[in-house]
Amino acid sequence: MKDKFLKPYNPGETESRIYKFWEESGYFNPDNLPEADSRKPFTIVMPPPNANGDLHAGHALFITLEDIMTRYKRMAGYRALWLPGADHAGFETQVVYEKKLEKEGRSRFGMDPQELYKEILAFTLENKKNMEAQVRSLGASCDWSREKFTLDPDVVKKTQETFIKMFNDGLAYRGSRAINWCPKHQTSLSEVETESSEESTPFYYFKYGPFEIGTVRPETKFGDKYVVMHPEDERYKSYTHGQELEVEWINGPITATVIKDEAIDMEFGTGVMTITPWHSQVDFEIAERHKLDFEQIIDWRGKLLPIAGEFAGMNIKDVRQKIVEKLKEKGLLVRVDESYKNVVKHCYKCLSAIEPQIKAQWFVKMEPLAKRALEAVEQKEVRFIPDNYEKIFRYWMENAIDWNISRQIVWGIPIPAWFKGDEIQVSIDKPEGEGWVKDNDTFDTWFSSGQWPLFMTDYPDGKDYPIYYPTDVMETGHDLIFKWVPRMIMFGLYLSNKTPFHTVYLHGLVNDAQGKKMSKSKDNVINPLTLTEKYGTDALRMTLIVGNTPGTDLALREDKVKGYKNFANKIWNITRFVLSQKHTGEVKDKLVDEFKALAEDVTKDMDNYFFHTAAEKIYHYIWHRLADEIIEESKKDPSILPTTYYLLQNSLKLLHPFMPFVTEEIWQELREADSLKLPANSLLMIEKWFTPSKVEGPIHND
RNA sequence: GCGCGGUUAGCUCAGUUGGUAGAGCAUCCCCUUGACGUGGGGAGGGCCAGAGGUUCGAGUCCUCUAUCGCGCACCA
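Heads up, the first sequence is in our numbering, so the first residue is 5 and it goes up one at a time.
Do not rely on the hints blindly, as some may be mistaken.
[What the hints assert, rightly or not] In silico EDC-like pairs for lysine to aspartate or glutamate, Cα to Cα no more than 16 Å straight-line:
no., residue 1, residue 2
1, Lys44, Asp468
2, Lys8, Glu604
3, Lys467, Asp35
4, Lys334, Glu252
5, Lys321, Asp303
6, Lys594, Asp641
7, Lys349, Glu202
8, Lys621, Glu637
9, Lys295, Asp265
10, Lys169, Asp433
11, Lys6, Glu673
12, Lys44, Asp476
Hints in this document: simulated from the structure, not taken from any laboratory.
This structure is a prediction, so every number in the text was calculated from the model and none was measured.
Based on the sequences and whatever the hints tell you, model everything.
And the structure:
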């Protein structure tokens with residue numbers, strides 16, 4: 005026995021050495037596994053971590069879960085492939101970088117775009133390197149030889165090709181409509197990049213000619229020259245559609261036109277409103293129906309334009325009260341409802357109020373894509389764990405609205421489109437002829453990562469594609485149920501005619517010990533790496549798995565981690581004891597049968613994705629059955645000793661997916677001590693999973 | 001407003017076809033220092049949020065209520 009086994013288990017000394025040992029074995033690449041060609045493939049695509057900062061506890065959870073699945077399948081005889089990647093994370097990374105610039109007293113605005121791109125690239129590549137080292141330290145048995153970055157040239161090219169194909173198929177189109185504009189970040193955002201929150205906002209009633217109109221946004225009302233009511237509203241039946249009226253308004257008299265439209269809710273307010281088509285989606289739609297004029301009132305920075313007269317140039321945040329005052333002085337303010345509750349959209353990164361603006365953008369037509377995705381779910385081609393997410397998914401897909409994929413930021417994949425006046429050309433290369441101007445916008449990051457399972461398996465003609473696509477499991481956070489999962493399903497069906505995976509496993513959030521969401525502002529962020537340094541990676545992995553059901557949030561408590569550190573040490577000590585005793589001879593059938601029952605139970609849990617119970621059962625068996633009872637008994641009855649060796653060796657197999665480092669380290673010790681039975685190149689990582697139906701003879705060296 | 005989830009021991013949570021409640025940590029008692037940077041044995045502690053229903057039997061299925069959390073939401 006080596007000296008180190010006379011001391012407590014030391015994860016710090018062990019882990020990097022074992023990881024290197026695995027990596028050098030080449031078995032993270034499933035093509036190198038024994039009899040690879042006859043194995044059935046099992047593929048997981050890693051959600052590529054954003055290469056813009058350190059890994060957090062959520063990453064540790066998903067790496068652990070996916071590694072458990074991969075290791076289990078690898079041992080169970082599959083050609084198990086786990087595909088790692090890194091995401092440039094367009095808007096998110098640009099926001100992180102802009103914050104950094106801000107701290108340095110700089111700003112992206114006014115910078116040369118090429119220069120800015122270069123800086124963010126350097127920043128991202130540096131983070132990517134750190135991130136990869138951190139993924140390794142968590143024990144991830146992913147195939148690094150197949151790693152991809154979302155800005156790799158082939159990914160960029162394929163992303164652009166998909167867009168061109170969609171354009172040609174009529175699924176991508178250029179549209180001018182009210183979009184979500186973030187005045188701070190100077191870009192449009194998709195629906196999932198905004199957050200809605202209910203706010204208490206005063207609701208103003210103003211006199212507008214013979215009408216009373218209601219609004220929460222007086223600052224948008226300068227150009228309002230259409231007054232809209234429901235065609236069947238009896239109160240206003242004396243007014244006819246198209247009728248013109250002179251009304252006194254904020255900056256003097258204007259000519260108002262009466263519009264009758266069914267979008268108006270007669271029950272709400274006075275049943276009459278004026279519209280601001282440039283800055284409201286609803287108003288925009290009404291205006292489109294009746295072919296009304298559009299006029300921009302607020303500029304891209306959130307300041308009023310010259311149409312606001314004396315208020316021009318003022319920030320809308322400051323000006324509302326002033327406008328109300330003016331209207332009041334003019335005798336046009338009727339009353340104010342102070343208790344009105346209003347839903348306001350915010351940029352999900354900076355929380356600035358979203359300003360709807362009309363802008364020409366690229367959109368993906370969702371309806372046909374969503375319909376197909378829904379059918380696939382209906383046909384059970386994709387299932388969700390936990391299954392209540394299917395309902396959530398369906399609701400969202402049934403109500404999907406067209407997806408704005410244009411972003412006015414440099415950090416992303418360029419949209420391959422060209423403009424010349426009103427002409428549009430979609431192509432990677434510049435079109436023939438003079439005067440074509442490149443679209444400066446980049447794709448929404450989810451446009452490329454939505455195709456990730458395809459790209460990672462070298463769609464459409466790489467050698468991996470026929471073997472490893474469709475993949476098997478998509479394991480990701482439940483917060484990505486809308487951002488990411490539907491897009492992957494839609495792109496998969498659109499491009500490959502297949503769903504990209506058959507199972508979506510959604511994990512919950514990792515919260516602090518009190519169950520509160522971790523956030524920098526609350527200063528309760530737990531860095532997973534400080535825990536692994538202190539207690540070992542295996543201990544953290546068990547902490548994240550045991551008792552943590554899919555979809556449910558987890559409270560990360562340090563004492564739990566400590567408990568599993570003790571467990572790692574417990575197995576270590578079991579090994580010391582077993583190896584110090586005579587352990588050759590016959591095994592006891594009764595004890596073996598009991599173990600088989602456990603293995604069967606654990607295997608069933610593994611196949612059903614019940615990792616939280618599987619881990620608990622094997623833990624409980626090793627500590628409270630094997631150590632507390634069987635080994636104790638063997639001290640009185642030495643004839644049990646060979647059985648303890650057998651049970652330890654096979655318990656290591658069941659535990660390996662959960663606690664890979666300590667189990668492999670012990671396995672190697674057993675291999676060296678057990679000179680006859682285990683070949684010199686034996687790795688627990690690729691040992692056959694213990695299956696009761698197919699038990700191989702107990703290994704003993706007599 | 002619509003939807004989803006939780007409500008089980010002091011704390012954090014399991015409990016997968018319904019059969020008189022479990023784990024870890026914490027607390028208390030006893031033992032152990034030649035496998036154990038400690039370990040072992042044992043104890044206390046829960047009308048499984050509430051009400052009703054189905055059933056021979058419900059934490060587990062159905063309905064309603066309360067409460068907490070989350071998601072979605074273009075009524076000015």
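Item to check | 16 Å limit on alpha-carbon distance, applied to hinted pair Lys621 and Glu637 | outcome: It is violated: about 21 Å lies between the C-alpha atoms, which goes past 16 Å.
Checklist entry - Under the criterion that the straight-line Cα-Cα distance not exceed 16 Å, is the pair Lys594, Asp641 satisfied? => result holds, 15 Å
Checklist entry - Are the Cα atoms of Lys44 and Asp476 separated by 16 Å or less? => result At roughly 11 Å apart (the allowed maximum being 16 Å), Asp476 and Lys44 satisfy the hint.
Next on the checklist: Hinted pair, alpha-carbon criterion (16 Å max): Lys6, Glu673. Please report holds or violated.
Outcome noted: holds, 8 Å
Checklist entry - CA of Lys321 to CA of Asp303, is that 16 Å or under? => result Judged against 16 Å, a Cα distance of about 13 Å means the pair holds.
Next on the checklist: Please verify whether Lys8 and Glu604 have alpha carbons no more than 16 Å apart.
Outcome noted: The given pair, whose Cα atoms are some 33 Å apart, is violated under the 16 Å limit.
Next on the checklist: With the threshold set at 16 Å, check whether the alpha-carbon distance from Lys349 to Glu202 stays at or below it.
Outcome noted: holds, 9 Å
Checklist entry - Are the Cα positions of Lys334 and Glu252 separated by 16 Å at most? => result The given pair, whose Cα atoms are some 9 Å apart, holds under the 16 Å limit.
Item to check | Agreement of Lys467 and Asp35 with the hint, judged by alpha carbon distance not exceeding 16 Å | outcome: holds, 12 Å
Next on the checklist: Run the distance test for Lys169 versus Asp433: straight-line Cα separation, threshold 16 Å.
Outcome noted: holds, 15 Å
Checklist entry - Are Lys44 and Asp468 close enough, with their CA atoms no more than 16 Å apart? => result holds, 13 Å
Checklist entry - Within a Cα-Cα threshold of 16 Å, do Lys295 and Asp265 meet the stated pairing? => result holds, 12 Å
Checked against the numbered hints above, the structure violates hints 2 and 8; every other hint is satisfied.
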